[in-house]
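Student: Listed below are the residues making up each chain.
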Amino acid sequence: MSRILEHIGNRVLMGIFQAFYAAGYFWEILVETGRFIRRRQFGYGYRVLLMQILFTGVEALGVIAIISLALGVVIIVQGSSILPQFGQGKLVYAILITIITRELGPILTAFIIIARSGTAIATELGNAIVSHEIEAYVSFGINPIAYLIVPRFLGVTISLVLLNLYFNLFGLLGSFLVTQFIYPLQMQEYLFNLLNTLKTQDVLSSLVKSISFGVIISTTATYYGFKVERSTTEIPQVAIKAVGRSFIFCILADAVITLVYYV
Amino acid sequence: MFEEEKSITLKDVSLFGGNTKILDSISVTFPLHQCTVVMGFSGSGRSSLLKVAAGILVPDEGVVHVQGKPLSKMSEKELLTFRSRSGFAFQDAALWSNLTVYQNLLLPLQFHRRKTPIEQLDQKIRRILSEFDFQDDPQFRPAQLSAGERKLVSLLRALVLEPSILFLDEPTSFLDNVTVERILRALKTLKQEGKTLIIATHSPELTSQLADRLVVLKGGRIIEQGLFKEVVRSKNPEVIEVISEVLSEAAVYDTDILELLQDSSNTE
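Those sequence lines, one after another, are chains A and B. Sequential numbering from 1 applies to the first sequence in our numbering. Sequential numbering from 1001 applies to the second sequence in our numbering.
Bear in mind the hints are in silico, worked out from the structure with no lab data behind them. Cβ coordinates follow ideal geometry from the N, Cα and C atoms, glycine included. All clues given are correct.
In the DSSO-like style, the derived pairs of lysine-lysine whose C-alpha atoms are separated by at most 27 angstroms in a straight line are:
| id | chain 1 | residue 1 | chain 2 | residue 2 |
| --- | --- | --- | --- | --- |
| 1 | B | Lys1069 | B | Lys1011 |
| 2 | B | Lys1011 | B | Lys1235 |
| 3 | B | Lys1006 | B | Lys1191 |
| 4 | B | Lys1021 | A | Lys227 |
| 5 | B | Lys1115 | B | Lys1077 |
| 6 | A | Lys227 | B | Lys1073 |
Short, incomplete list of chain A residues facing chain B, as computed with Cβ under 7 angstroms:
| id | residue |
| --- | --- |
| 7 | Glu133 |
| 8 | Glu135 |
| 9 | Val138 |
| 10 | Ile142 |
Ranges between beta-carbon positions, derived for each pair:
| id | chain 1 | residue 1 | chain 2 | residue 2 | range |
| --- | --- | --- | --- | --- | --- |
| 11 | B | Gln1139 | A | His7 | 47 to 57 angstroms |
| 12 | A | Glu59 | B | Asp1137 | 21 to 31 angstroms |
| 13 | A | His7 | B | Asn1019 | 10 to 20 angstroms |
| 14 | A | Arg35 | B | Asn1019 | 36 to 46 angstroms |
Using the sequences and the hints, build the whole thing.
Tutor: Right, dumping it as structure tokens:
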């Protein structure tokens, strides 16, 4: 019994220690991000930032476009065929805004970025540790957080905001154009009703969600990437943890932000 | 003893890797403007000792003083100055794999010489590459190079800032004889210029031709340290065992050390 209690106690203490460590790590990222923006450090950091936006933002455009278009088409077709039967035809716009703008836009882009960039970042950093590249940065006085983490932190967050905007554009407007081939709607009426239904609160919550998810994904992926100590076999393990934890934290943050905005 | 202001000094330094003690209460002095060779079996903690002395690894116990000042208490600016005048060549090269050879050499220069025009930095890189007769395309990534070339680039990267303190972890392993000769000549020149060299090596050539002082490690502990000629004459059987086994190739390359070792065994 005492051994079980000791084990539980150790796990709790370890959990508290790790939470403080993660908080300290996040604080360090924020401090270095402030410096990065204020000081305009030498070009290499900006190059990494641009590469990160290219990889996370630009290269994910195709996937995001297909998913958002398909989703928008499904909602418009289903809503326009079912809802008028109950005299609630205009509810399709509210459903579109709720699903595309408020909920699925931010969370689906986050999921895609976790799968693409979260794993890539954790793996890349893990490899850099095993091959002593991080030590090489330290040997020259180059702070790895400033030059490796901050550009990824900013790159993923900026990309997520832009991809969410893109998801919304494709989900709300692109899908309308596709639907014309199956279920013709009046363009003017569609846009008028859509903009009438869209509230500032919806845009703000979507923006806050995508920023939060970007912060969560980049921090979690880099944190776990740095957890690798000496062996390449640790790399897939931390990548899996980074993905799993990012999913959990994003869903929890989604719930909290939705509660704050709409309850 | 050496003055702390003129040396890098480790006091009671211990380093743990999980539950294993990699370095065990090490106290050692690396005098400036001299060449100290750290010797020991593989896994004896030589690389870790160099990394702790260079401030790359933070010891779990003990203090590292650089010219009398504890590394842990240096301001950001002081630490950056120390970094800019020290260079570290890693045993496994540790080149930045996402950068080309050229960018690997450019990055430290761009970071520490922010106001220098890029043309001058470019000239410097081209000069150092040609001095060491780097044969491949500088636009190659490290993965496209042989192990020896990677080691060479790692050494060039350590030299690119023209540091006054050089930490070299096995600088000549995997290299062909011609390149080893070239590196040896360069290191001799650096020594003559009064640079501080701290080298972990198995090479009898480097040891016999460069070492002013010798530090012998075994199982994470220092078993002997002092002037090179005194240490190789040590009567401590552990020291004799380490030196003779580590330098077992000495008979092929250089007879000086073995002669010294034989002298010391004969006088026992």
